[in-house]
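Going down the list, the protein sequences come from chains H and A. By my numbering, the letter at position 120 of the first sequence is numbered 120, and the numbering carries on one by one without gaps. By my numbering, the letter at position 114 of the second sequence is numbered 114, and the numbering carries on one by one without gaps.
What the hints contain is simulated information worked out from the structure, not anything from laboratory work. Watch out, some of these pointers could steer you wrong.
What the hints assert, rightly or not - Facing chain A, a subset of chain H residues (Cβ under 10 angstroms, in silico):
#1 Arg33
#2 Glu40
#3 Pro43
#4 Gly70
#5 Glu75
#6 Val106
#7 Gly124
#8 Tyr133
#9 Phe167
#10 Leu181
#11 Asp188
#12 Phe189
#13 Gly199
What the hints assert, rightly or not - Ranges of calculated distance between the beta carbons of each label pair, as one might list FRET restraints:
#14 Ser9/H <-> Arg165/A: 46 to 56 angstroms
#15 His92/H <-> Glu17/A: 25 to 35 angstroms
#16 Gln108/H <-> Ser45/A: 21 to 31 angstroms
#17 Gly214/A <-> Arg2/H: 36 to 46 angstroms
#18 Gln124/A <-> Thr240/H: 47 to 57 angstroms
#19 Ser55/A <-> Val233/H: 19 to 29 angstroms
Think of the CB as a built atom: it goes at the ideal place given N, C-alpha and C, for glycine as much as any other residue.
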Amino acid sequence: MRFRQITPSDPKATKVEEMVDSAFGFYGAPYWRWKYASPEAPPGIIVIAEADEDVVGCSHYVSANYHLGGETRIEALFGGDLLVAPELRRQHIATELSLRSREIAVAQRPEARVVTMYTWRALGAHYEELLGYTRLKPGFAQWSKRLNWDAGVKAVLAGNEALIRSFPRLETADHGFRLELSGSPPLDFDVGEEGFIPGRKKKARVTIKVDDVGLAGGGAKARLASGLLKAFVTGRIRVTGSPRALWGLILVRGAYQRVLATLRKA
Amino acid sequence: MTTGGPTLPKTRLALPEDDAALADIFNRAHQHLAGHVTRSAADLSWRVRGQPGMSPDGAFVAEDEDGRHIGYAFIKENGDVIEFAVDPTADRKAAASALITACEDHATREGAVRMRLNVPLDDQEVAEALSEAGLAAARPEARHYITAIDPGTLLQTLIDQLPDRPIRFDLSLTDSHPWQSSTTSIARSVAVDVEPEFIVEGDQRSLNDVILGGRSPWRALLMRKVRVIPASRAPRAVRLLRRVAIDAPWFYHLGDIL
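Just chain H, same shape as in the assembly (with noise of 0.2 angstroms):
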């Protein structure tokens, strides 16, 4: 494997803005070409990882005079947009790229002190890890709300009525379902062997609470019910109810997951 510094003209840069564009998608090729490739931005870093002549990973970095609270500055180097290619994912590629990106960005940038980077929380115990960053503790909070709401979700819903109907013991499930989502409006539910239906009429009722945080976890990528349960005790999903209700919600929690999951997406 072979690691280079590019510029955005290089014909291999083609490769990179569709691997950015794949992954990021709103924020893809054309928000790479405005932050690498545009004149008035600060000249940023672009390493490729090849393997034969095929371009298998990037890593990027842009420089910034960090202000630092008062009157203290900095120069910085800031990572990001670190992508291999799906099918060679899991052969320590990412850690390889961003060790060997970092000394050719240091390089480059001899003024620089600092190296950050703003990443997921499963990366970050990685560059923790193994390439010694520190966890800065978090100065803001996302606030969000969702719009054009009952829309959007009827939508949503409507276009996975068929995959949702397809949940094993959706049949014995007989309960209303209210979720609270932070920063939307109340959607409320019953849940049976017609699926998900918007409204609520069953007596039996189990109430969701959850963050954009708590859905990406327990929606999106708790398949098994170890991970939904690891959402409940971790606080990231919360569930109230009759007992009725919450013994549905465990039958058919393949059906409550793919809500959560196509609700993320609304």
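Fit chain A to the given chain H structure using the hints.
Just chain A now, kept in the frame of chain H:
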């Protein structure tokens, strides 16, 4: 365009000619925070207005009764508020309410399914305004990590920015990388060939924790993560480390981290 009730400040589209005043608001509002780039009008032009997905009708400025700029917000078509700042001397809650109303109207019109923005944890007035507007706070889905490229050079850079006070000590890294010195002589207003007052010794992670991560130097000493030689100089070394350590909360706007 006017938004909000009768008690809220007026908002209008923020034009490029407003940018110098907006950059001034940003810099004063973020003075106590760490981890951002000081703004200028040119900087706003590229960093904020130039972002993909950012249109001129997603830029708002709030004005008080005298027409003075008291805050601004930039929101993308997908509902991400990429920059939001309120003048520290203004009625901050009212200004924030007016701006978030303008943002929500815009995002709803654009068909966005979610509006989101980052707000410093200590900003109670803006938090109240957002809460009243129906927004909810959550932990960020990602975290911020940092490492010194070379702790010795970093310490020297930070000490250089302190008010002049003579100091001379050595920093000894127990796990130095090839691009780092295992021992760095750090001096301010003292010749480097003068005998060091003390030696601070530790590994990368522990020194990162103390200098950048807001961890207590005393705790690092007690846990034997960091040593001061001779030990009798520990109080002086700790005072110095506490002075240079970056203790301001790190804050990024969405536009900075995406």
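Now the hints, each set against the structure:
1. Arg33: Arg33/H check passes; min Cβ-Cβ to chain A is 8 angstroms, inside 10 angstroms.
2. Glu40: Interface hint status for Glu40/H: holds (4 angstroms vs cutoff 10 angstroms).
3. Pro43: Violated, because the Cβ-Cβ distance from Pro43/H to chain A comes to roughly 13 angstroms (cut-off 10 angstroms).
4. Gly70: Status holds, d = 7 angstroms.
5. Glu75: Because about 8 angstroms separates Glu75/H from the closest Cβ in chain A, which is inside the 10 angstroms limit, the hint holds.
6. Val106: Check passed: Cβ of Val106/H comes within 5 angstroms of chain A, closer than 10 angstroms.
7. Gly124: holds, 5 angstroms
8. Tyr133: Because about 4 angstroms separates Tyr133/H from the closest Cβ in chain A, which is inside the 10 angstroms limit, the hint holds.
9. Phe167: violated, 25 angstroms
10. Leu181: This hint holds: Leu181/H lies near chain A, its Cβ roughly 8 angstroms from the closest one there, short of 10 angstroms.
11. Asp188: Violated - the Cβ of Asp188/H stays beyond 10 angstroms from chain A, reaching only about 18 angstroms at its closest.
12. Phe189: violated, 19 angstroms
13. Gly199: violated, 21 angstroms
14. Ser9/H <-> Arg165/A: 46 to 56 angstroms: Holds, at about 49 angstroms.
15. His92/H <-> Glu17/A: 25 to 35 angstroms: Given a distance of about 52 angstroms, which is not inside 25 to 35 angstroms, the answer is violated.
16. Gln108/H <-> Ser45/A: 21 to 31 angstroms: Since Gln108/H and Ser45/A have Cβ atoms about 26 angstroms apart, the given range 21 to 31 angstroms holds.
17. Gly214/A <-> Arg2/H: 36 to 46 angstroms: About 39 angstroms separates the Cβ atoms of Gly214/A and Arg2/H, which means 36 to 46 angstroms holds.
18. Gln124/A <-> Thr240/H: 47 to 57 angstroms: Distance hint for Gln124/A, Thr240/H is violated at roughly 29 angstroms.
19. Ser55/A <-> Val233/H: 19 to 29 angstroms: violated, 44 angstroms
The structure is inconsistent with the numbered hints 3, 9, 11, 12, 13, 15, 18, 19, although it conforms to all the rest.
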